[in-house]
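For the protein sequence lines, the chains are A and B, in the order given. According to my numbering, the first sequence holds residues 1 to 177 in order. According to my numbering, the second sequence holds residues 1 to 296 in order.
Simulated from the structure, these hints should not be mistaken for laboratory data. Only a predicted model underlies this, so the values are computations on that prediction, with no experimental measurement involved. The beta carbon of each residue, even a glycine, is placed where N, CA and C say it ideally should be. Check before you lean on any hint, since a few could be wrong.
Chain B stretches covered by chain A per the calculated footprint, using a threshold of three residues with CB under 8 angstroms from any CB of chain A [stated by the list, open to error]:
hint: 1; segment: 41 to 54
hint: 2; segment: 229 to 239
Derived DSSO-like pairs: lysine-lysine, alpha-carbon spacing no greater than 30 angstroms straight-line [stated by the list, open to error]:
hint: 3; chain 1: B; residue 1: Lys260; chain 2: A; residue 2: Lys149
hint: 4; chain 1: A; residue 1: Lys58; chain 2: B; residue 2: Lys55
hint: 5; chain 1: A; residue 1: Lys145; chain 2: A; residue 2: Lys63
hint: 6; chain 1: B; residue 1: Lys260; chain 2: B; residue 2: Lys226
hint: 7; chain 1: B; residue 1: Lys200; chain 2: B; residue 2: Lys226
hint: 8; chain 1: A; residue 1: Lys145; chain 2: B; residue 2: Lys260
hint: 9; chain 1: A; residue 1: Lys149; chain 2: A; residue 2: Lys63
hint: 10; chain 1: B; residue 1: Lys226; chain 2: A; residue 2: Lys58
hint: 11; chain 1: B; residue 1: Lys278; chain 2: B; residue 2: Lys200
Some but not every residue of chain B turned toward chain A, in silico, with C-beta under 7 angstroms [unchecked claim]:
hint: 12; residue: Ser63
hint: 13; residue: Arg64
hint: 14; residue: Glu65
hint: 15; residue: Pro66
hint: 16; residue: Pro68
hint: 17; residue: Val70
hint: 18; residue: Trp71
hint: 19; residue: Ile74
hint: 20; residue: Arg76
hint: 21; residue: Ala77
hint: 22; residue: Ile78
hint: 23; residue: Thr211
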Amino acid sequence: MAAAGDLIARCQAGDVEAFEALYRQHAARLYTLACRMAGSPEDGEDLLQEIFLQAHRKLGSFKGDSAIGTWLYRLALNHCLDYVRSRQAKMNRLTETLDADTSFEPTARRDTPIARLDLERAIERLPEGCREAFVLHDVEGFDHKEVGKLLGIAEGTSKSQVFKARMKLRSFLRGST
Amino acid sequence: MSGVNRTVNAMHPNETAINDFVDGTSDALERTSVEQHLATCVACRQLVDDLREIKRATGALESREPPPRVWGRIERAITLERDADVARRLRADGASASLAGAGTTQEPAEAGRLQPSASDNVKKGPYPFSSESSWRKRGTTLSWLAAAAAIVLATLVGLRFMPGRHEAGTPSTVAQTGSVRDAAQAIESELRLAEAHYEKAIKGLEQIANTDQGALDPRTAATLQKNLAVIDQAISESRAAVRSQPTSEPAQQSLVENFKTKIGLLQDTVALINEMRKGNEAGAARIVSGLKQKGN
Chain A
1 MAAAGDLIAR CQAGDVEAFE ALYRQHAARL YTLACRMAGS PEDGEDLLQE IFLQAHRKLG
61 SFKGDSAIGT WLYRLALNHC LDYVRSRQAK MNRLTETLDA DTSFEPTARR DTPIARLDLE
121 RAIERLPEGC REAFVLHDVE GFDHKEVGKL LGIAEGTSKS QVFKARMKLR SFLRGST
Chain B
1 MSGVNRTVNA MHPNETAIND FVDGTSDALE RTSVEQHLAT CVACRQLVDD LREIKRATGA
61 LESREPPPRV WGRIERAITL ERDADVARRL RADGASASLA GAGTTQEPAE AGRLQPSASD
121 NVKKGPYPFS SESSWRKRGT TLSWLAAAAA IVLATLVGLR FMPGRHEAGT PSTVAQTGSV
181 RDAAQAIESE LRLAEAHYEK AIKGLEQIAN TDQGALDPRT AATLQKNLAV IDQAISESRA
241 AVRSQPTSEP AQQSLVENFK TKIGLLQDTV ALINEMRKGN EAGAARIVSG LKQKGN
């Protein structure tokens with residue numbers, strides 16, 4: 001705890017090496033969040049860069065009321081949500097209707113465990129709207145009420161989007177075997 | 001109220017019932033009714049098994065490591081941002097001094113001419129992490145750094161040219177101006193503006209990279225030059241495409257993407273030079289590895 005406090009103090013004093021250490025500690029988690037929310041590693045990279053630049057600018061106001069990891073995570077999540085909102089506003093396709101591949105017809109059973117890489121790729125392919133709800137709920141662990149607040153949608157819409165995402169993933173992963 | 005009526009349609013449980021069942025958030029009545037249905041419905045049983053497997057696999061996903069080049073970019077941006085801020089202070093000081101007839105500091109022209117979006121992202125107040133004495137000492141080398149900072153910052157945080165962004169507004173724009181040609185000219189003019197900024201950023205980075213390229217071993221330098229030549233060719237082709245079809249979104253997108261690629265490669269080159277100068281072999285190796293991945 002004292003070591004973390006010391007690191008923050010050094011960052012706040014302008015020590016770039018200390019800031020790099022902070023980056024090394026938290027970058028993987030935030031990069032993963034950014035990639036999954038944005039739907040591509042390239043956009044995830046850009047987001048991570050912007051998140052840490054913003055963190056660097058704002059670190060002076062960090063008072064230690066929460067853990068630095070929590071503070072960074074909130075900052076990153078807000079940044080990702082801003083990105084998602086601006087893109088959604090542009091694309092104007094938050095809601096999509098359930099289509100044929102989300103119906104549950106009897107299909108060949110998948111007997112092998114899902115490969116991590118297949119799942120990561122499938123998540124990237126999810127349509128905007130349902131991907132963000134799925135990531136926030138199933139990966140990041142927010143409940144539907146929280147997801148609804150974060151994304152500015154109703155709780156029921158969050159449930160519906162997560163279901164849609166799961167059905168899409170099922171369809172994608174069935175195709176990848 | 002019957003759980004079956006509430007959660008099950010004519011044939012199968014509805015999506016909410018299935019979702020809640022998979023998440024383990026159904027109440028007892030719903031859970032029983034879904035379980036009873038699953039006992040006789042192969043399709044729903046398979047669905048539930050698949051969704052549970054997806055949930056399990058999702059829960060087991062691990063974090064991904066960002067590519068090494070990301071830290072290099074952040075570090076450069078921090079340095080440039082700090083230097084731009086210091087230069088701004090110096091300029092303010094210079095302005096005060098010039099009132100007294102002693103303004104000799106070279107004007108970091110570009111720092112004051114950032115696009116509004118870029119300057120909004122650059123800290124305006126005194127840099128909190130830098131002491132007064134340290135920035136004064138460094139002042140003499142800061143004019144060109146400030147120019148580079150302004151240029152690169154515009155690329156890193158400011159330039160947000162979005163090809164096709166007129167698309168959504170096109171009907172109203174056209175209605176307002178009464179002319180499709182006006183809209184096309186507006187897009188073309190905006191693209192030209194973005195192009196000029198990208199070219200300026202590229203020129204600044206090229207200047208830094210060319211000045212210090214001796215720090216690189218000849219093979220790496222040759223590879224970088226080869227990659228830059230490929231990107232230059234792509235830029236020429238996409239530029240020609242834009243010239244022949246100014247309103248084509250794919251052509252605009254392609255040109256902007258090629259500019260971004262070139263800037264990325266130049267940024268990596270500058271980062272590599274910095275690491276070599278610092279004698280940080282591990283850092284240099286990380287960047288070279290990133291360059292190789294990009295080249296593949």
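> Taking each numbered hint in turn, which are not upheld by the structure, reported in ascending numerical order?
Replying inline: Hints 2, 3, 4, 8, 10, 16, 20 and 23 not satisfied by this model.
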